[in-house]
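Student: Single-letter residue listing:
2 protein chains.
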Amino acid sequence: MKPVTLKQIAEHLNISVTTVSKALKDYPDVSKKTKSLVKEYASILNYRPNTFAVNLRTKESKTIGLIIPEIVHHFFSSVIKGIISQAEKKGYLVIILQSNESYELEKKQVDLLMSQRVDGILISLANGTADFSHLTDVIDQEKPLVMFDKIAKLVRCSKVVINDIQAAYAATQHLIDTGCKRIAHFRGPLLPQNSIDRFLGYKKALQDNNMQYDPSLVYICECSDESFEEGKKNAIQLLKDHQDVDGIFINTDLVAVGAISEFNKLGIKIPEQIAIVGFSNWFMSSAITPSLTTVDQPGFEMGKVAFKCLYKEIKASKKNKSFVPKTIELKTDLIKRDSTK
Amino acid sequence: MKPVTLKQIAEHLNISVTTVSKALKDYPDVSKKTKSLVKEYASILNYRPNTFAVNLRTKESKTIGLIIPEIVHHFFSSVIKGIISQAEKKGYLVIILQSNESYELEKKQVDLLMSQRVDGILISLANGTADFSHLTDVIDQEKPLVMFDKIAKLVRCSKVVINDIQAAYAATQHLIDTGCKRIAHFRGPLLPQNSIDRFLGYKKALQDNNMQYDPSLVYICECSDESFEEGKKNAIQLLKDHQDVDGIFINTDLVAVGAISEFNKLGIKIPEQIAIVGFSNWFMSSAITPSLTTVDQPGFEMGKVAFKCLYKEIKASKKNKSFVPKTIELKTDLIKRDSTK
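Residue numbers (this note's numbering), protein chains in the order written: chain A, 36 to 376; chain B, 36 to 376.
I should point out that these hints are in silico values taken from the structure, not numbers from a laboratory.
It is possible that some hints are incorrect.
In silico lysine-lysine, PhoX-like type, Cα no more than 20 Å apart, as pairs [claimed, not checked]:
1) B:K371 with B:K304
2) B:K142 with A:K124
3) B:K124 with A:K142
4) B:K116 with B:K60
5) A:K371 with B:K300
6) B:K376 with B:K216
7) B:K97 with B:K347
8) B:K125 with A:K142
9) A:K143 with B:K97
If you want a taste of the chain B side facing chain A, the calculated C-beta under 7 Å gives, among others [as the list claims (entries may be wrong)]:
10) V107
11) S112
12) S113
13) K116
14) I119
15) L128
16) I131
17) Q133
18) V292
19) A322
20) I323
21) T324
Glycine included, each C-beta is placed from N, C-alpha and C at the ideal position.
Bound-form chain A, shown alone (with noise of 0.2 Å):
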């Protein structure tokens, strides 16, 4: 049975379409009685609105687009699903790309959804994105944009963030203060701004506690697919090149989780020997031994509060008022488990 029609509705009560179409809808010209008996037949047929020309009326489609790196991540996974849950509640569906961490298929996807026409788009930049010519243009065809997490901090839109470089600052001082001496850093690669401001925290809070900065304890991991296996790498190139680390701050949990995983195997003792901290709290980080020290990233939060901010944009560029971007930054807290002293 394909989806009734109002011309069958027109035809079974022998009156015109547009009468149905003004029944349905109340308009004062119809008669009670016709709109009670159209109202009556439509909902035995389970008649339903075509969307495509409610859309084409009302210019909006009441879907809006979602471009994440990655779906199969704890964190992103975790704003998914705080983004859904309050799209929902407005009555709005979210379509989800993927950019797997690549400029050109990001730049592809947010074309498909203007094409789309969706009401707004939420992103969080992949790493290899350096121009933003991209969401400039969506910015300058007025459709409402929010960045969260990976953002460009120059593209002049409403961005939902935390503050990576205090959150880094008080993960490296957790450290210092439980008694490491000599502290490495494996770090994300060097684009995204998230992974530069978590190494500026490790930098600055070896400054300011007098502890000499040394870039040869810097490690970079591409945070990709094979972030687990990269730990494990690190782990041991870095107890090749420096006897004398105790202590590691990791820009995420799955790096994190790798490193203690080889260490655990080459019997190097955590905490005792070599300290670690991780970074974003993800579900396995609390079931592995040791529990890892880490910064919990506030994902699900983070997805409400980007779905409102565009939600409030959306009605405002309906209303064609102007709208002043805004830049919020949630709480982070440091998580202090078994994997520090």
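Chain B: place on chain A using the hints.
Tutor: Frame of chain A, contents of chain B only:
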């Protein structure tokens, strides 16, 4: 700058909107000169066809809906990734909804997707779903529907599954082959087919090996957000109830990781005192100590196959061809690690 309309192009070139529209669609009754003029100007202005109008004409939205029980979930996020990767290749966007294992929510979401006129629906059922009329409604309205993982056997639509009975049988057989004499089972909730089938596979393996099935060795988990805690709780209860158990087959990795964490804490040696097999092969299963022997469930592959299957049905439906539903069974593997002998 709001999106450019056909009207703006027409006014600029001083021709009718109909001519512009026909020129962009390469109608033969428009001159070559006009066509090239219109196309050039449309390209300069970055004109995009109004999708709502295109949808109304083609009766296609080029979007599909996906309903899953839980997003922050290694298996389901792998499935999403598989679906999106395949959908993008065919030019389809994916709207994702999360039922939170609730029948009521799932029903509402199916309705929402039907109202939005998606071209097809992919669904993995909520644990709470025992009535399937919301799904037979979709089929009655000739909307392509494919179920995966958590399915309803009696609903007449295509399905992508694994053989849960066989996989659970192999998992239990492995415990028997490595010397376990008294094997418990932490099963999933009562309703979903996969949790029933895994239980049946466990039971059949015992029977085929002349080991008595003892209902008191079967513990139920809700497998909700609290799976990890449930694993811990069941582990404690099992130790209280049965001192002689030397193996456990556990319905899902998350519960198994909870149990391992509790046994580690209590000093129970895995696999020497109690051997454990999980189900799903979540990432963390290889990261914990001891690493978990488990059934690898091909999430990414399942997502890809489910989309391909839906795509074929969408194509058939467009051509008004009939389509015979089929059930596709994907292969699983037992991954042997350190939690079994």
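Student: Which numbered conditions among the earlier hints are violated in the structure presented, ordered from lowest to highest?
Tutor: The structure breaks only hint 4.
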